[in-house]
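Visitor: Okay, here's what each chain looks like letter by letter:
Number of protein chains: 2
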Amino acid sequence: MNSRFLWTAKQLKPTLTKSKHVLTPKASLAEGEHVDLDFGDHYVGRIHFVFQKEGRHPDSPALLHFIFGEKKWELEEDNSAYHGWIAKSWIQEEWIHIDEFPAKINLSRRYAFRYCRVELLGCSQAYRVLLQEATLISETSAPEKIAIVGETDQEKAIDRVSLRTLSECMQDVFEDGPKRDHRLWLGDLRLQALVNYQTYRHNDLVKRCLYLFAGTADKNGVLSASVFTKPKVVGDGASMSDYSLLFIPTVYDYFKATKDKETLLELLPLMRTQIKLADAQMKGGVFLDPNRLGWCFIDWSLELKKRCACTGVYLYALRELIECERELGYDVKSEEARYQEVKEAAKKEFYDEKNGLFFCDGQLSFASNIWMVLGGVLSPVEGKEILLRLEERDDVIRPVTPYMMHHYLIALYECGLTGKMRNLMNEYWGKMVQDGADTFYELFDPEHPDASPYGSRSVNSYCHAWSCTPSYLLRKYFLHGEQS
Amino acid sequence: MNSRFLWTAKQLKPTLTKSKHVLTPKASLAEGEHVDLDFGDHYVGRIHFVFQKEGRHPDSPALLHFIFGEKKWELEEDNSAYHGWIAKSWIQEEWIHIDEFPAKINLSRRYAFRYCRVELLGCSQAYRVLLQEATLISETSAPEKIAIVGETDQEKAIDRVSLRTLSECMQDVFEDGPKRDHRLWLGDLRLQALVNYQTYRHNDLVKRCLYLFAGTADKNGVLSASVFTKPKVVGDGASMSDYSLLFIPTVYDYFKATKDKETLLELLPLMRTQIKLADAQMKGGVFLDPNRLGWCFIDWSLELKKRCACTGVYLYALRELIECERELGYDVKSEEARYQEVKEAAKKEFYDEKNGLFFCDGQLSFASNIWMVLGGVLSPVEGKEILLRLEERDDVIRPVTPYMMHHYLIALYECGLTGKMRNLMNEYWGKMVQDGADTFYELFDPEHPDASPYGSRSVNSYCHAWSCTPSYLLRKYFLHGEQS
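Chains as they are written, first to last, in the working numbering: chain A, -2 to 481; chain B, -2 to 481.
Just so you know, same-sequence chains aren't split out, so a pair can sit in one copy or run between any two.
Restricting the straight-line Cα-Cα distance to at most 30 Å, the calculated cross-link-like pairs of lysine-lysine (DSSO-like) are: (1) Lys473 to Lys417; (2) Lys10 to Lys227; (3) Lys23 to Lys101; (4) Lys142 to Lys10; (5) Lys101 to Lys227; (6) Lys50 to Lys216; (7) Lys15 to Lys101; (8) Lys23 to Lys69; (9) Lys50 to Lys7; (10) Lys330 to Lys280; (11) Lys10 to Lys50; (12) Lys153 to Lys417; (13) Lys473 to Lys10; (14) Lys253 to Lys381; (15) Lys227 to Lys50; (16) Lys7 to Lys101; (17) Lys23 to Lys227; (18) Lys17 to Lys101; (19) Lys229 to Lys23; (20) Lys280 to Lys351; (21) Lys50 to Lys229; (22) Lys258 to Lys142.
Please keep in mind that the hints were generated in silico from the structure rather than gathered at the bench.
Put together the whole structure using the sequences plus the hints.
Guide: Written out as structure tokens, the structure reads:
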């Protein structure tokens, strides 16, 4: 723990903008009945209710059940049957008894939702419960509304939903998703920050998050993959090999957006450390087991083999460090030599001449090939051939998250396939819009919309930061700052 | 509503004595595990818990379920399967999420319990939940501990449990039962007051309750069977024909215990009104339908025919009124004439010469015969024969509540069967003691201990005021004030 870094992070704690949203359903409920509320958009916040009684004096308490859903179907789930492998306690529901009416019920926890079901589980026949008012106080640290961009209605819709996704995830920190973890994750932060520079420009929030990671690194400079901020700041104690490497571009992107050289110089030693820590996991220029010093994520696929992709992430990060150090006037010869060494080793280890594709221990995946492209192992021309060849294959593990899909789009861009990139963005994120998304999802496999790596879609996050990059892509690559 | 009476009741609002009971289970729970707490005796009060976490930083909320039981088996019930006809919301349980540790969880509702189960329904594998401390703040308006009486260990045990039952039901008012209704019921009050005069002597609490009933009578003087006091005082709007009549002895008993003539004179018109209201329901000296002006209770038996018993209650109440008025120096000739008229009519209508027993519309029950005895329809010698004859019968509806059982014992006393009375008290209440009762029950049928008029024992009250009369019977009839 670096207390000076943490002090800096604390000074940058943002003010939350709160807005009030009142519904007056005046719904009269008997035992077993419910009312569904729709706040019209995705919100993160706290809620209170005013209940009255109708009929005779209540001669029993009322037992109410509240369910909050980002998606409307969440209200219909039988949560008693939940058997996912992450905690059932993530499901956004509460049970409250009311002994006296009128009653103001203040649910103090924070929820992420558009829909809310209020269900009267228990009540005598002497009276009915009237839900008079539901007041949501929403919270975000996103500073203002941003003008929507896009050339088509679909692109505008995608941009609107992306912006909403990001602003919903902007709280005390950049959260990964406000429904579940409520937490600052390094891999999510990198993409959120990129979108932020093009949109909300709340650059101090990025700075705060960088210092939270730097401040919670262990004495060897190992970064936590995520940081808890409540009740006090503490790293999660688990590092992720790819996320740690991506700290390098995350800091460098911040510098490019802000020219805040002081922060860059403070964090530069930690950026360099990430390469050194990775070097210790590699042999002959490639990763032996990218999970050795912490889980390697890459994508939310449990079957994915990751040595190749992780080597690509290393190359990508090292190239960013070289560029950054060069800009600062440092000598980068040894880093450049190391880059060449790993690049050649990677090609040798993973490239399959016969297929003209990268394989990771016999497994073909988009992830491996995309990260080889992003790591600069290939020329743009070679990369283009590979990406087109990959499309033809059936025996390939495809991206399952918007996070991996983002990297695919960037790889397409790097190889000059900008038309394909834009089409794919429209297709993939457009399908979520067609699915009624108010915010974009943690996971989206158009072939299996209910898939979940957690064993149940009930705990999937439907507002997830890493899915908001179309607002970055549109502004950075397609529209060059024009606003419509 | 008589606001002057209500003002008087308000002035008499008692102070609650609060006591602290701390358990430090230090129980460490993983998801799916629970810990059972035993506070060692029945308590009415509020509870708070201190939870810590063990292991890594919590990366999910914890979902806790709390169940409170007067009986230990209540902790084991599958409450999701509850299908009784009174509200499920009476079951004493709560669900709480904890987002941050350490957490002080303050359950603000009042519970009646000895046992509490804390169950961890949802939690991640990163940590365990440690229940460090549970603090119960118990509440009662009973002023002090009372010395136990009884000639045998069993009688002492019965007295101890009776006293506890009463003190647990002494709150802002004399409640019927602190688990469920939390409410002032007229029929319960009469018996509680009798016990109170022999024990706690909190006579102002009786006075307060009398004024609550008087203050909530309607413009015709119809009394509510029960009174709500929260959030403000209001009668339940339902009258019960037998309970209304029993207002007369309840007030008269208060006067005999306190010599508070001012209160008696204030309430006397309302006592007289109860007879007049009953007269209007009768024809030829008997009740045609005792449920016409409100439910006639008598006992918690849904099959019981009640015209005969209710006529007995009328006679009992009228005799008390006559005695009271005579003591005050009033002329009671017309009341006496009415009493004789009803007495003869009742005997004619309900007495079966062949069987030598009272039948109500062809049905034989203890209730009918007991109330004919208590109403003075028979001489003690005749009454004794009837009660002994009743014992021989198999085709008779027996008492199902300690409330009816109390009246049976008094009838035995009236007929000189004091040995039988004492044996029966020892047998019936003794069986509850053997069942592990900390307090006596709303219902107790030794043949069917799980019976419930509500469709599920889960909502039965196991601390119920009307069952506390052994402490009265022991002192009034058996031990004549001696203390052991």
